[in-house]
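Keeping their order, the protein sequence lines are chains A and B. Note that the first sequence ends on residue 294 in numbering that gives the first Met the number 0; no numbers are left out. Note that the second sequence ends on residue 290 in numbering that gives the first Met the number 0; no numbers are left out.
Bear in mind the hints are in silico, worked out from the structure with no lab data behind them. Just so it is clear, CB atoms sit at the ideal spot from N, CA and C, and this is done for glycine as well. Treat the hints with caution; some may be incorrect.
[Stated by the list, open to error] Some chain B residues flagged as far from chain A (calculated, every beta-carbon gap over 12 Å):
#, residue
1, D59
2, F60
3, P64
4, R65
5, M87
6, T153
7, V163
8, P203
9, A205
10, S213
11, P227
12, P267
13, F279
[Unchecked claim] Listed next, the stretches of chain B that the computed footprint assigns to chain A, with coverage defined by at least 3 CB atoms under 8 Å from CB atoms of chain A:
#, segment
14, 76 to 82
15, 118 to 129
16, 214 to 222
[What the hints assert, rightly or not] Okay, derived cross-link-like pairs now, PhoX-like style, lysine-lysine, Cα gap no bigger than 25 Å in a straight line:
#, chain 1, residue 1, chain 2, residue 2
17, A, K100, A, K4
18, A, K186, A, K203
19, A, K229, A, K100
20, A, K203, A, K60
21, A, K4, B, K68
22, B, K115, A, K4
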Amino acid sequence: MAVSKLQRAQTRLAYLLILPATLLILAIYIIPIIFVFLGSLTDYTLVRDDYAFVGFENYQKMFEDEAFANALNNTFFYALMFLPGAFIISLVIAIAIQEQKQFRSVLEVLYFLPVTSTLAAMALVWSALMDSGQGVINNTLQTLGLARVNWFGNEDVVLVSLAIISLWSVIGFNMVLFLAGLTAIPKNLYEAAAVDGADHPLDKFFRVTWPMLGPTAMFVAVTSSITAFKLFDTVAILTQGGPDRASEVFLYLAFLEGFEYFNMGYSAALSLFFLGIILLFALVQALFSDRNVQY
Amino acid sequence: MADISSPSSVPTWFDRIKPKSFGRFVTTVLLFIGAWIMVFPFIWMISSSLKPTDEVYDADFSLIPRTFKGFENYYAVIFDQPYLIFLMNSMIVCTGILVIQLLTAIPAAYALAKLKFRGSTILFGTVIAAITIPINVTSIPLYIGLVRVGLLDTYFAMMFPFIVSVFAIFLFRQFFRSFPDSIIQAARVDGFSEIEIILRLILPAAVPAIAAFSVFSFVAHWNDLYWPLIVVQSQDKMTATLSMMQYQSMFDTDYGLTYASATVVTAPMVIAFLFARRLFIRGITMTGVKG
Numbered sequence: 000m001a002v003s004k005l006q007r008a009q010t011r012l013a014y015l016l017i018l019p020a021t022l023l024i025l026a027i028y029i030i031p032i033i034f035v036f037l038g039s040l041t042d043y044t045l046v047r048d049d050y051a052f053v054g055f056e057n058y059q060k061m062f063e064d065e066a067f068a069n070a071l072n073n074t075f076f077y078a079l080m081f082l083p084g085a086f087i088i089s090l091v092i093a094i095a096i097q098e099q100k101q102f103r104s105v106l107e108v109l110y111f112l113p114v115t116s117t118l119a120a121m122a123l124v125w126s127a128l129m130d131s132g133q134g135v136i137n138n139t140l141q142t143l144g145l146a147r148v149n150w151f152g153n154e155d156v157v158l159v160s161l162a163i164i165s166l167w168s169v170i171g172f173n174m175v176l177f178l179a180g181l182t183a184i185p186k187n188l189y190e191a192a193a194v195d196g197a198d199h200p201l202d203k204f205f206r207v208t209w210p211m212l213g214p215t216a217m218f219v220a221v222t223s224s225i226t227a228f229k230l231f232d233t234v235a236i237l238t239q240g241g242p243d244r245a246s247e248v249f250l251y252l253a254f255l256e257g258f259e260y261f262n263m264g265y266s267a268a269l270s271l272f273f274l275g276i277i278l279l280f281a282l283v284q285a286l287f288s289d290r291n292v293q294y
Numbered sequence: 000m001a002d003i004s005s006p007s008s009v010p011t012w013f014d015r016i017k018p019k020s021f022g023r024f025v026t027t028v029l030l031f032i033g034a035w036i037m038v039f040p041f042i043w044m045i046s047s048s049l050k051p052t053d054e055v056y057d058a059d060f061s062l063i064p065r066t067f068k069g070f071e072n073y074y075a076v077i078f079d080q081p082y083l084i085f086l087m088n089s090m091i092v093c094t095g096i097l098v099i100q101l102l103t104a105i106p107a108a109y110a111l112a113k114l115k116f117r118g119s120t121i122l123f124g125t126v127i128a129a130i131t132i133p134i135n136v137t138s139i140p141l142y143i144g145l146v147r148v149g150l151l152d153t154y155f156a157m158m159f160p161f162i163v164s165v166f167a168i169f170l171f172r173q174f175f176r177s178f179p180d181s182i183i184q185a186a187r188v189d190g191f192s193e194i195e196i197i198l199r200l201i202l203p204a205a206v207p208a209i210a211a212f213s214v215f216s217f218v219a220h221w222n223d224l225y226w227p228l229i230v231v232q233s234q235d236k237m238t239a240t241l242s243m244m245q246y247q248s249m250f251d252t253d254y255g256l257t258y259a260s261a262t263v264v265t266a267p268m269v270i271a272f273l274f275a276r277r278l279f280i281r282g283i284t285m286t287g288v289k290g
């Protein structure tokens with residue numbers, strides 16, 4: 000009797016405790032998502048009051064839209080430049096730093112510094128370093144006898160330049176994730192491998208480190224892919240999609256359609272496509288992390 | 000060359016020359032060269048912020064300014080330009096977001112972790128699902144809603160999409176679950192109310208998780224460009240990060256000033272990081288997705 004009374008009081012309290020969060024989740028996530036979907040079926044634009052349901056026309060338009068194809072192409076090309084570096088360089092640095100003794104924490108801090116900094120501000124610095132005229136990078140290239148590069152003016156180079164800036168800002172981040180994974184590998188596995196004749200560092204890497212690092216590696220690969228797909232800040236600050244749409248990546252296109260051209264309906268369809276990609280990555284991660292935990 | 004096989008427990012300087020140690024020495028040097036590349040943009044930025052405009056892009060570049068304009072540049076940024084207002088706006092928005100996030104997430108997380116109620120599975124499932132939804136997906140309806148109620152260009156609009164953190168609810172719920180039920184039961188028997196249990200038992204134990212989340216939240220919203228770009232229209236609501244947009248066309252700008260303001264915008268988070276390194280690294284990498 001007393002127990003059930005306590006139980007009831009607890010239940011009432013529980014509802015009270017979840018109330019603010021639940022209402023806000025409804026207002027910030029659930030209702031907007033429903034409206035994104037409904038909006039994507041209309042030709043709604045902020046500049047006109049009337050709008051009509053157009054069915055799946057926006058989605059149809061998406062797959063015929065050259066700007067959409069261009070943005071997807073740009074995003075994938077950028078990811079192709081960005082992902083291998085974000086993965087391999089971070090892993091190599093993590094392994095090298097882990098073997099350091101007295102300098103480990105200094106190096107960790109130096110490599111992590113770009114992660115905490117404001118990318119929008121540092122992008123301005125990079126634009127100066129990469130300046131085609133008197134930038135430090137081009138001057139260095141010239142001193143080394145190499146050709147100067149038009150980092151932001153050349154359509155074929157601009158995505159590479161953006162990938163370099165992103166790499167700079169993300170390497171320390173992935174390095175920390177890899178370091179956590181490396182620290183969790185039991186030392187005796189290396190001793191056992193050494194007994195089996197794995198003396199060479201590469202032997203140790205392929206026999207012990209890499210298999211043990213499976214879940215971490217998967218995690219870094221997936222989260223880096225999401226980061227790549229979310230490229231926005233440096234584009235907004237430095238290139239605005241240019242030159243000639245060569246750096247117009249997916250999220251920037253969705254932003255332009257929604258908040259510059261006010262094609263809200265079409266932009267809603269782009270947003271849902273974006274969500275679909277993110278969910279796909281989340282799904283991949285869920286599938287693989289379950290399987291890989293058992294190493 | 001020193002003998003490889005001689006075991007010496009006391010390392011001396013020529014130990015470094017042994018093949019194995021030599022490899023390590025090379026690795027250390029390479030790591031420091033890499034670190035120099037990582038830090039160089041900051042050094043260049045600070046150096047340029049102390050120079051007059053014509054020296055920033057000078058052909059023979061030097062880190063030490065030939066003409067020191069540091070005082071003038073920083074004075075202009077802080078007193079002639081509204082940078083104090085921009086910094087204050089960022090502070091207000093980030094602090095407001097964090098406080099409301101904690102106030103909404105901690106009670107909900109406690110209920111999900113320790114109390115039985117109908118609908119808890121649905122709520123938790125919704126929380127997990129919502130974690131995958133970035134602001135970029137919901138920005139259009141949120142923006143239209145704010146336009147409709149006439150609240151665009153207010154602190155409320157700048158904070159609203161973030162005042163409930165589904166990630167915080169998830170994180171704290173996991174953390175609270177590991178708190179022993181027996182202690183909570185004992186406290187109940189002793190006449191503690193649930194609120195007292197949260198405030199006096201759970202919260203003190205959860206300080207590390209709350210601190211890490213706070214860093215994560217503060218840094219993420221300080222550095223956010225996307226949402227302020229959408230809802231901020233007037234200068235007096237501009238955040239420090241958003242103010243960087245005014246330099247996007249670099250024609251006719253005072254470069255010394257530009258990099259002095261870039262330094263002012265980046266400094267708070269970088270300095271805070273240098274003071275609480277462990278906490279920052281833990282907090283920022285907590286979600287696995289950068290910014």
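A quick look at each hint next to the structure:
Under the 12 Å C-beta cut-off, the non-interface status given to D59/B relative to chain A is violated; the minimum distance is some 9 Å. Here F60/B does not stay apart from chain A, with its beta-carbon only about 6 Å from theirs, under the 12 Å limit. Non-interface status of P64/B relative to chain A is upheld: no Cβ of that chain comes within 12 Å, the nearest being about 15 Å off. With 12 Å as the threshold on Cβ separation, the claim that R65/B sits away from chain A holds: the shortest Cβ distance comes to roughly 15 Å.
Every beta carbon of chain A lies more than 12 Å from that of M87/B, the smallest distance being close to 16 Å; the non-interface claim holds. With 12 Å as the threshold on Cβ separation, the claim that T153/B sits away from chain A holds: the shortest Cβ distance comes to roughly 16 Å. With a minimum CB-CB distance of about 4 Å to chain A, V163/B fails to clear the 12 Å threshold, and the non-interface call is violated. Residue placement check: P203/B keeps its beta carbon more than 12 Å from all beta carbons of chain A (closest about 18 Å).
Every Cβ of chain A is farther than 12 Å from the Cβ of A205/B; the closest lies at roughly 15 Å, confirming the non-interface assignment. At roughly 14 Å from the closest C-beta of chain A, the C-beta of S213/B stays outside 12 Å, upholding its exclusion from the interface. Not every Cβ of chain A is farther than 12 Å from the Cβ of P227/B; the closest lies at roughly 10 Å, contradicting the non-interface assignment. Against chain A, the non-interface label of P267/B is violated: not every CB pair exceeds 12 Å, the least being about 9 Å.
Some Cβ of chain A comes within 12 Å of the Cβ of F279/B; the nearest lies about 6 Å off, and the non-interface call is violated. Coverage of the segment 76 to 82 of chain B by chain A is violated in this model, with 0 residues showing a Cβ closer than 8 Å to a Cβ of that chain against a need of three. Counting residues of the segment 118 to 129 of chain B whose CB falls under 8 Å from any CB of chain A gives 5; the rule of at least 3 is met. By the rule of at least three residues with a Cβ nearer than 8 Å to a Cβ of chain A, the coverage given for the segment 214 to 222 of chain B holds, with 3 such residues.
For a cut-off of 25 Å, the pair hint linking K100/A to K4/A is broken: about 60 Å separates their Cα positions. A distance of roughly 12 Å separates the Cα atoms of K186/A and K203/A; the hinted pair therefore holds under the 25 Å criterion. With a C-alpha separation of about 36 Å, the suggested pair K229/A and K100/A falls outside the 25 Å cut-off, and the hint is violated. Annotation: proposed proximity of K203/A to K60/A is violated, straight-line Cα distance about 53 Å (limit 25 Å).
Proposed proximity of K4/A and K68/B is contradicted: the alpha carbons are some 73 Å apart, above 25 Å. For a cut-off of 25 Å, the pair hint linking K115/B to K4/A stands: about 13 Å separates their Cα positions.
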